[in-house]
Amino acid sequence: MSKMKVMIPCDEANLVCDKTQYKEATLWEKIKLNIHLIYCKVCRKYSKNNKTLSKTIKKSNIECLDKTCKDTMKKDFEKVLKEVSN
Amino acid sequence: MSNHQINPNKWIDLYSDYLFNYTISRVSDREIAQDLVQDTFLAGLKSMKNFKGEASERTWLISILKRKIIDYYRKINSNKGKAEVRINYNDSESEGDWLEERVADPFDKNAEDTLQNSELGDAIHNCLEKLPKKQADVFKMKTILGYETEVICNELNITASNLWVIIHRARTGMADCLKQNWF
Numbered sequence: 282m283s284k285m286k287v288m289i290p291c292d293e294a295n296l297v298c299d300k301t302q303y304k305e306a307t308l309w310e311k312i313k314l315n316i317h318l319i320y321c322k323v324c325r326k327y328s329k330n331n332k333t334l335s336k337t338i339k340k341s342n343i344e345c346l347d348k349t350c351k352d353t354m355k356k357d358f359e360k361v362l363k364e365v366s367n
Numbered sequence: 217m218s219n220h221q222i223n224p225n226k227w228i229d230l231y232s233d234y235l236f237n238y239t240i241s242r243v244s245d246r247e248i249a250q251d252l253v254q255d256t257f258l259a260g261l262k263s264m265k266n267f268k269g270e271a272s273e274r275t276w277l278i279s280i281l282k283r284k285i286i287d288y289y290r291k292i293n294s295n296k297g298k299a300e301v302r303i304n305y306n307d308s309e310s311e312g313d314w315l316e317e318r319v320a321d322p323f324d325k326n327a328e329d330t331l332q333n334s335e336l337g338d339a340i341h342n343c344l345e346k347l348p349k350k351q352a353d354v355f356k357m358k359t360i361l362g363y364e365t366e367v368i369c370n371e372l373n374i375t376a377s378n379l380w381v382i383i384h385r386a387r388t389g390m391a392d393c394l395k396q397n398w399f
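Quick mapping for you: the protein sequence lines, in order, are chains A and B. Just remember that the numbering used here sits 281 ahead of the position in the first sequence, which is counted from 1. Just remember that the numbering used here sits 216 ahead of the position in the second sequence, which is counted from 1.
It is possible that some hints are incorrect.
Dumping the calculated DSBU-like pairs for lysine-lysine here, alpha-carbon to alpha-carbon at most 30 Å [what the hints assert, rightly or not]: (1) A:Lys360 with B:Lys395; (2) A:Lys351 with A:Lys363; (3) A:Lys348 with A:Lys326; (4) B:Lys395 with A:Lys339; (5) B:Lys226 with A:Lys326; (6) B:Lys226 with B:Lys265; (7) A:Lys348 with B:Lys262; (8) A:Lys322 with B:Lys346.
So the derived list for chain A, only partly shown, Cβ under 10 Å to chain B, looks like this [to be verified]: (9) Glu310; (10) Ile319; (11) Met354.
From the derived model, a few chain B residues whose C-beta atoms are all more than 12 Å from chain A [what the hints assert, rightly or not]: (12) Gln254; (13) Glu273; (14) Ile280; (15) Arg283; (16) Asp287; (17) Lys358; (18) Lys395.
Hints in this document: simulated from the structure, not taken from any laboratory. These figures come from a predicted structure and were not determined experimentally. Glycine included, C-beta positions come from ideal geometry on N, C-alpha and C.
Produce the entire structure from the sequences given, and follow the hints as far as they go.
And the structure:
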């Protein structure tokens, strides 16, 4: 019966909320989260902030270099660094 | 001597994402942006003795990058003959104030949006720099590069629950930081 618990603690609710931002929460998890949000004001606030953060980042079209890019950059950079320091 | 020290060993870890984001909002081509960032680091390395320590390393690198971007536009401009060059001078870090750039362009209704977006991108990168490195790395991989949880776990050698704890801390930190600096 414990697996079917409807009430979840705040840390679990926050975890589900984080997962939801990346579309990785299951339906049952989302139902539990929403039940939790009905009575927990603190988590409601966290959920709201979390959603705003996701939206803001999506809106900004922010870009990043991936790891392989950085690694090749580092290799070239270190070559020149050696030449300069010699 | 001066308040700001120069240490090229950490440049790529610390500034490459910021510089890349700065470039890509101005040249809108990943490969060219990457080359320009790389050129900037190398040029910085070669003129390290000119660094007086008046500004922070990042500001100094940005000033080199700006010149690289202008050079890039000059080059393609001379190739094409008549292509129009539009470069943004109106940001907080530059002193120049070009009147022509401030005139509204009726054909470019999104100019303000893009400007605001590139400022927002800068703000996000500023906040990311304030996070602990591990949190920032995981957050970038997950949120900006959109990697799968499994891929990140394998690459960084952490468990999934570990990853979510890091993500949670990073998100809390980012929300606080952006609240102060943006919203």
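Hints and how they fare:
no.	hint	result
1	A:Lys360 with B:Lys395	violated (41 Å)
2	A:Lys351 with A:Lys363	holds (18 Å)
3	A:Lys348 with A:Lys326	violated (34 Å)
4	B:Lys395 with A:Lys339	holds (16 Å)
5	B:Lys226 with A:Lys326	violated (37 Å)
6	B:Lys226 with B:Lys265	holds (17 Å)
7	A:Lys348 with B:Lys262	holds (25 Å)
8	A:Lys322 with B:Lys346	holds (28 Å)
9	Glu310	violated (12 Å)
10	Ile319	violated (22 Å)
11	Met354	holds (6 Å)
12	Gln254	violated (6 Å)
13	Glu273	holds (15 Å)
14	Ile280	holds (14 Å)
15	Arg283	holds (18 Å)
16	Asp287	holds (19 Å)
17	Lys358	violated (7 Å)
18	Lys395	violated (8 Å)
Consistency with the previously given hints fails for numbers 1, 3, 5, 9, 10, 12, 17 and 18, ordered from lowest to highest.
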